[in-house]
Amino acid sequence: MTTPYEPRYEPRYEPWDEARGAEIIAEHAGQEGATLVILHALQEAFGYVPEAAIPMVAQALNLSRAEVHGVFTFYHDFRHKPAGRHVLKLCRAEACQAAGGDALAARAEAKLSVALGNTTADDRVTLEPIYCLGLCATAPSAMLDGRLIGRLDQKRLDALVAEAQR
Amino acid sequence: MSMRLFVSRDAGAVAVGADEVALALEQAAARRGIAIEIVRTGSRGLYWLEPLVEVAAPQGRIAFGPVTETDVPSLLDALASNTPHLLRLGATDEIPWIKRQTRLTFARCGVIDPRSLDDYRAHGGYKGFERALSLGPDAILNEVTASGLRGRGGAGFPTGIKWKTVAQAKADRKFIVCNADEGDSGTFADRMIMEGDPFLVIEGMTTAGITVGATKGYIYIRSEYPHAVETMNAAIQAARRGGYLGNRIGGSTYSFDLEVRVGAGAYVCGEETSLLESLEGRRGIVRAKPPLPAHHGLFGKPTVINNVLSFAAIPFILSEGAKAYADFGMGRSRGTMPIQLAGNIRYGGLFETAFGVTLGELVDDIGGGTFTGRPVRAVQVGGPLGAYFPRALFDTPFDYEAFAARDGLIGHGGIVVFDDSVDMRRQARFAMEFCAVESCGKCTPCRIGSTRGVETIEKIINGERVHENLALVEDLCNTMKFGSLCALGGFTPYPVLSALKHFREDFVPAPTTLQAAE
Chain A
1 MTTPYEPRYE PRYEPWDEAR GAEIIAEHAG QEGATLVILH ALQEAFGYVP EAAIPMVAQA
61 LNLSRAEVHG VFTFYHDFRH KPAGRHVLKL CRAEACQAAG GDALAARAEA KLSVALGNTT
121 ADDRVTLEPI YCLGLCATAP SAMLDGRLIG RLDQKRLDAL VAEAQR
Chain B
1 MSMRLFVSRD AGAVAVGADE VALALEQAAA RRGIAIEIVR TGSRGLYWLE PLVEVAAPQG
61 RIAFGPVTET DVPSLLDALA SNTPHLLRLG ATDEIPWIKR QTRLTFARCG VIDPRSLDDY
121 RAHGGYKGFE RALSLGPDAI LNEVTASGLR GRGGAGFPTG IKWKTVAQAK ADRKFIVCNA
181 DEGDSGTFAD RMIMEGDPFL VIEGMTTAGI TVGATKGYIY IRSEYPHAVE TMNAAIQAAR
241 RGGYLGNRIG GSTYSFDLEV RVGAGAYVCG EETSLLESLE GRRGIVRAKP PLPAHHGLFG
301 KPTVINNVLS FAAIPFILSE GAKAYADFGM GRSRGTMPIQ LAGNIRYGGL FETAFGVTLG
361 ELVDDIGGGT FTGRPVRAVQ VGGPLGAYFP RALFDTPFDY EAFAARDGLI GHGGIVVFDD
421 SVDMRRQARF AMEFCAVESC GKCTPCRIGS TRGVETIEKI INGERVHENL ALVEDLCNTM
481 KFGSLCALGG FTPYPVLSAL KHFREDFVPA PTTLQAAE
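Chains as they are written, first to last, in the working numbering: chain A, 1 to 166; chain B, 1 to 518.
Simulated from the structure, these hints should not be mistaken for laboratory data. You may find that some hints are simply not true.
What the hints assert, rightly or not - Footprint (simulated), chain B over chain A, 3 or more residues, beta carbon under 8 Å:
1. 15 to 26
2. 31 to 39
3. 48 to 60
4. 67 to 75
As the list claims (entries may be wrong) - Label pairs and their in silico Cβ distance ranges:
5. B/Ala234 to A/Glu14: 22 to 30 Å
6. B/Arg241 to A/Glu14: 26 to 34 Å
7. B/Asn462 to A/Ser113: 46 to 54 Å
Stated by the list, open to error - A few chain B residues facing chain A, derived, Cβ under 8 Å:
8. Tyr47
9. Gly183
10. Ser223
11. Pro226
12. Asn233
13. Ala234
14. Gly265
15. Arg346
16. Gly348
17. Val454
18. Glu455
Beta carbons: idealized from backbone N, C-alpha and C, even for Gly.
Isolated chain A (complex conformation):
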């Protein structure tokens, strides 16, 4: 049996293209309650949901632009502009707080010279809080571009920050 492994990937996204956007929207528009499904698919392809896509989604689903905009802005996950080259998420929920997460978050902010929720000036790293990765028994935890890291300490955090800055 071949063992499946987590790919250590750097996310790669396509540049926004209207025809490609329309294709993605058409692919999912037939599903019931498709708005979130489509927004997820667009973000997966382009790394964010371009503003130009909102009226296209609205038209495909026979909704108003305001309704689609409302959905897009309600959920924390959807981005209106591309993130940095790497996204480092630090869990800030209670279990990670109890295990020393506050100090680690402050350390990451200092090392990257950026507050949680922002992208470094060189567009390399977006540092974000996340509320629970479900790794609460191996807290504190983090996620770098989809890769999970538990039992975070200063040393592991520094290594992650260095990796993200590369």
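Once you have looked at the hints, place chain B on chain A.
Just chain B now, with coordinates in the frame of chain A:
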């Protein structure tokens, strides 16, 4: 014959290096010319021992852990020559932490290959469903009701009554919805079961479908759980191929199919009506109840919406009978609860046991206290909306009513341990902050109250008119508790008020400072 090894692919194990260990094992074995087969299982839930490596032996599995990449060569040598190793823990089933549990729902988790339908069936999977098919809807309802199963998401509503309401509703379409938006910090049982035994959830939902007459189900999984999404999707495909989803399931006349939908980072979508809105493609704004989802749920149709653990309890109840399940527990809390020990804890993980075990046993005895070695000062039970309990309340038995009687809740069964370095003012402020960020905005007490709460607690932290502001926070909490539409605004007062009540010393300055300040 090749050596069979088991390494978890659970996100919690992967986060501490299980993939690297598995890869190192393969490479080291190839170099030594040892034939091995690595089965990637779910997690046993003993997270302080992850990455756990198990080896198949004639008398059962032998466990080693926590294994790092550097341990791999010596581990393989010990296994090949059958000599002792420092990390050897003995027979997995004999590890006291496992032996003390009553694993009904999590019996297979960490044991089987979660993506193999054959492995699932070989370990008793679909036995309950087969019995369900022979019983028919009315008898299934009787079993579920008699088991005493209550909604494991937190509200504790009797599952049998919910199902019966939907079964009796008349409609052209009905839905089964699984709430896998496990957003509470300190909880990971849903994630573990979806990653470690996904067919169990499918079986439970399929059983609900044939019982109430629904042909379509949705599993709404939070986006923070990509591994669970992947595993559930793989299992759904395997179940379709195996004839357990789709038309004429399991050779019966019933049809049922499932689809995974992914959330988008909104905590409030764990609230059932908000989840339904989100599934319909809208903002996750809470709906007023009534009408209940059982009458007017997804797309306006009668809907069974249950938590992952509720559906996951169903196959055991049907295969072993309602009585076998109801024999466990205390009072009106029947069966077992998968309890999650988290935060600053020495032996953190998933511990499934009958209701009735005390909080103190869980934290001190089973959890082993804090990993920092400092004294336990506070534990938050039931997620961000759960109360903080001090040591003085450690005699509280794990039971819906016992926790309610002490102004707490068991919620989804998560326990987050804090040592004596915790500042309870900050925890109280965080509860309000979290509510302010996550509020859907529909009702005023939650939307505005939480923001005012953050500001007022901030004033207390800064020593401004402390007693007046404390009274204000208490009053505000009362308004939120009784005036909010759902549990987000309604239960945020639990962590705040419990912090104020049980840890007053953190909020009120010592007498000398008080004199100086006034």
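Should the interface hint for glutamate 455 of chain B be scored as holding, given a Cβ-Cβ cut-off of 8 Å against chain A? 20 Å, violated
Within the assertion that chain B covers the region 48 to 60 of chain A, do at least three residues meet a Cβ-to-Cβ distance smaller than 8 Å? That given contact is violated, which follows from only 0 residues of the region 48 to 60 of chain A lying within Cβ reach (below 8 Å) of chain B.
Are alanine 234 of chain B and chain A close enough, Cβ to Cβ, to be under 8 Å, as the hint says? Violated. Min distance 10 Å.
Can you verify the interface hint for valine 454 of chain B: is its Cβ closer than 8 Å to any Cβ in chain A? 15 Å, violated
Starting from the hint 46 to 54 Å, judge whether the C-beta atoms of asparagine 462 of chain B and serine 113 of chain A obey it. 27 Å, violated
Regarding the hint that glycine 183 of chain B lies at the interface with chain A, is the smallest CB-CB distance below 8 Å? 6 Å, holds
Are 3 or more residues of the region 31 to 39 of chain A near chain B, judged by a Cβ distance of less than 8 Å? Holds, because 7 residues of the region 31 to 39 of chain A bring their Cβ atoms closer than 8 Å to Cβ atoms of chain B.
Can you tell me if the region 67 to 75 of chain A counts as covered by chain B, using C-beta to C-beta distances under 8 Å and a minimum of three residues? n = 5 at 8 Å, threshold three: holds.
Close enough to count: is the Cβ of serine 223 of chain B nearer than 8 Å to one in chain A? Because about 5 Å separates serine 223 of chain B from the closest Cβ in chain A, which is inside the 8 Å limit, the hint holds.
If I claimed the Cβ atoms of alanine 234 of chain B and glutamate 14 of chain A lie 22 to 30 Å apart, would that claim hold in this structure? Because 26 Å falls inside the window, the suggested range holds.
With chain A as the partner, please determine if glycine 348 of chain B meets the hint condition of a C-beta pair closer than 8 Å. 3 Å, holds
Using 8 Å as the Cβ threshold, decide whether tyrosine 47 of chain B counts as touching chain A. At about 4 Å, which falls below the 8 Å cut-off, the nearest Cβ of chain A leaves the hint on tyrosine 47 of chain B intact, so it holds.
Hint compliance for this structure: hints 1, 3, 7, 12, 13, 15, 17 and 18 are broken, all remaining hints hold.
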